[in-house]
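*Asks:* Using the sequences and the hints given, assemble the complete structure.
For the record, the sequence lines run as chains A and B. So for the first sequence, numbering that gives the first Met the number 0 puts the first residue at 0; every next one is plus one. So for the second sequence, numbering that gives the first Met the number 0 puts the first residue at 0; every next one is plus one.
Careful: at least some of the hints might be erroneous.
Said to hold, decoys possible - Simulated crosslink set (EDC-like; lysine to aspartate or glutamate; CA at most 20 Å straight-line): (1) A:102 to B:60; (2) B:102 to A:60; (3) B:102 to A:31.
The set of hints was computed from the structure by calculation and includes no laboratory data.
Here are the chains, one letter per residue:
Number of protein chains: 2
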Amino acid sequence: MGRKVFFISDGTAITAEVFGHAVLSQFPIDFEQNTIPFVETIAKAEEVKGQINDCFITTGERPLVFHSIVNPEIRAIIYSSEALDYDFLNTFVTPLEQQLGVKAEPKVHRTHSIDNDAYSDRIDAIHYAMDNDDGISLKNLDEADIILVGVSRCGKTPSSLYLSMQFGVKAANYPFIAEDMDNLRLPAELKARKHKLFGLTIEPMRLHEIRNQRLQGSTYASPRQCRMEVKEVEMMYKRERIPYINTTYHSVEEIATKILSLTGLQRKMF
Amino acid sequence: MGRKVFFISDGTAITAEVFGHAVLSQFPIDFEQNTIPFVETIAKAEEVKGQINDCFITTGERPLVFHSIVNPEIRAIIYSSEALDYDFLNTFVTPLEQQLGVKAEPKVHRTHSIDNDAYSDRIDAIHYAMDNDDGISLKNLDEADIILVGVSRCGKTPSSLYLSMQFGVKAANYPFIAEDMDNLRLPAELKARKHKLFGLTIEPMRLHEIRNQRLQGSTYASPRQCRMEVKEVEMMYKRERIPYINTTYHSVEEIATKILSLTGLQRKMF
Chain A
0 MGRKVFFISD GTAITAEVFG HAVLSQFPID FEQNTIPFVE TIAKAEEVKG QINDCFITTG
60 ERPLVFHSIV NPEIRAIIYS SEALDYDFLN TFVTPLEQQL GVKAEPKVHR THSIDNDAYS
120 DRIDAIHYAM DNDDGISLKN LDEADIILVG VSRCGKTPSS LYLSMQFGVK AANYPFIAED
180 MDNLRLPAEL KARKHKLFGL TIEPMRLHEI RNQRLQGSTY ASPRQCRMEV KEVEMMYKRE
240 RIPYINTTYH SVEEIATKIL SLTGLQRKMF
Chain B
0 MGRKVFFISD GTAITAEVFG HAVLSQFPID FEQNTIPFVE TIAKAEEVKG QINDCFITTG
60 ERPLVFHSIV NPEIRAIIYS SEALDYDFLN TFVTPLEQQL GVKAEPKVHR THSIDNDAYS
120 DRIDAIHYAM DNDDGISLKN LDEADIILVG VSRCGKTPSS LYLSMQFGVK AANYPFIAED
180 MDNLRLPAEL KARKHKLFGL TIEPMRLHEI RNQRLQGSTY ASPRQCRMEV KEVEMMYKRE
240 RIPYINTTYH SVEEIATKIL SLTGLQRKMF
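*Replies:* Okay, here's the thing in structure tokens:
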């Protein structure tokens with residue numbers, strides 16, 4: 000059992016969680032993490048305070064509390080608990096007020112709000128990624144900001160969805176399948192939009208593992224088939240001068256941000 | 000033109016961006032935001048320093064720099080620029096080291112790493128959400144952690160994808176369509192898994208706007224149709240005692256976290 004940690008917010012707690020996770024990942028020890036979002040009333044705050052104090056009594060250690068609570072009354076209640084607390088927002092808001100000469104105007108639920116044009120762009124991008132996944136449709140490629148290509152299960156779908164969800168980028172994706180391999184070439188629809196293509200590749204043995212989880216013992220999953228497909232596709236990337244990256248050791252966050260960084264596509268902010 | 004802000008990291012910069020965005024959203028002024036990920040070499044750090052200093056010279060104002068740089072050499076170069084810098088990681092890591100009595104072991108690319116079981120669960124959840132979107136398949140519902148239901152375009156797809164992407168939760172979704180409305184009832188596959196159902200609803204006029212963007216002037220998008228569908232579906236939620244929330248004024252982050260909070264489903268951490 001690791002040290003107890005609470006992420007607390009009067010909003011979604013996503014910010015507290017994402018940021019707290021980044022801070023804790025610097026430590027080589029285990030933490031037992033617990034997220035409490037929507038602490039929006041005095042009653043709920045008192046209940047959470049009770050939970051923190053119980054945890055202290057039970058474990059004998061003060062739990063770590065990372066919070067991003069905008070409402071000062073709610074914050075005061077959490078402060079008065081037995082926690083060791085780390086106030087994510089105010090630690091930076093107060094010095095920023097001085098530097099900028101502008102008073103903050105704290106407002107709950109502003110971080111993840113729908114009150115901006117970018118939000119509907121983002122929802123459009125998510126629907127676009129869904130509707131243009133896996134080569135389902137080659138009709139709407141003019142709308143694409145980017146078209147990811149690669150063999151089946153090399154990471155195209157999660158990467159396209161992450162690009163849309165996190166950055167509002169419209170990403171289509173297209174698979175090269177076994178039947179294409181004898182004479183691998185770009186379909187005319189892709190050839191006409193070559194400047195939007197971005198290739199993914201993967202180490203054949205990792206591809207074999209991933210495919211085997213899905214269709215164990217199949218030709219599709221065999222090391223021989225995986226090696227052949229990856230080789231053909233990489234040769235095509237080189238021949239056609241399509242930029243590409245290897246996804247084997249990278250998370251969707253890393254793949255998506257590397258793609259943006261290499262193509263110069265703008266990240267939108269949510 | 001707002002005050003210039005840079006988010007800088009030797010990793011994806013997603014943490015710096017998400018957290019910086021939360022901090023800046025507390026201020027009632029505009030910022031001009033710029034993200035620079037993967038500052039992994041001395042040369043790149045010097046280049047970024049040059050960019051910051053040029054910005055100071057051009058605008059006459061020190062740019063704000065929010066960073067989460069793990070490598071101390073890289074960090075020192077950014078520190079030595081003309082920026083007003085806010086060090087997201089070390090501001091919390093140093094006091095945490097004291098509180099925990101444990102030295103941090105800074106490691107680049109640990110935040111968004113694939114070195115954990117949770118990562119493949121998450122990729123599985125993303126593929127699950129894709130394969131079980133929009134009632135495409137009712138075969139794999141036993142695997143679902145949750146099944147979102149509602150009328151077309153009330154927010155089911157983005158919410159399902161966010162649940163999988165951010166929290167590793169397997170979310171299927173099922174639409175009630177116009178043809179169902181005369182005698183609205185749950186399909187047997189859903190009825191058998193009623194404890195997993197969660198309803199979404201939306202204000203009819205907002206639904207009309209959203210549908211109209213897609214199919215302008217259609218019956219599907221008409222206010223009358225939207226009112227009727229929402230009314231029938233809400234009546235069914237009540238009759239069948241399906242918990243539900245109204246998505247009209249909420250972002251996917253808020254919808255997804257509210258669903259988890261109301262159902263008690265565990266958030267996994269990435």
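*Asks:* If a hint holds in the structure, say so; if it doesn't, say that too.
*Replies:* Here's how the hints hold up against the structure:
1. A:102 to B:60: holds (18 Å)
2. B:102 to A:60: holds (18 Å)
3. B:102 to A:31: holds (18 Å)
Consistency note: the structure conflicts with none of the earlier hints.
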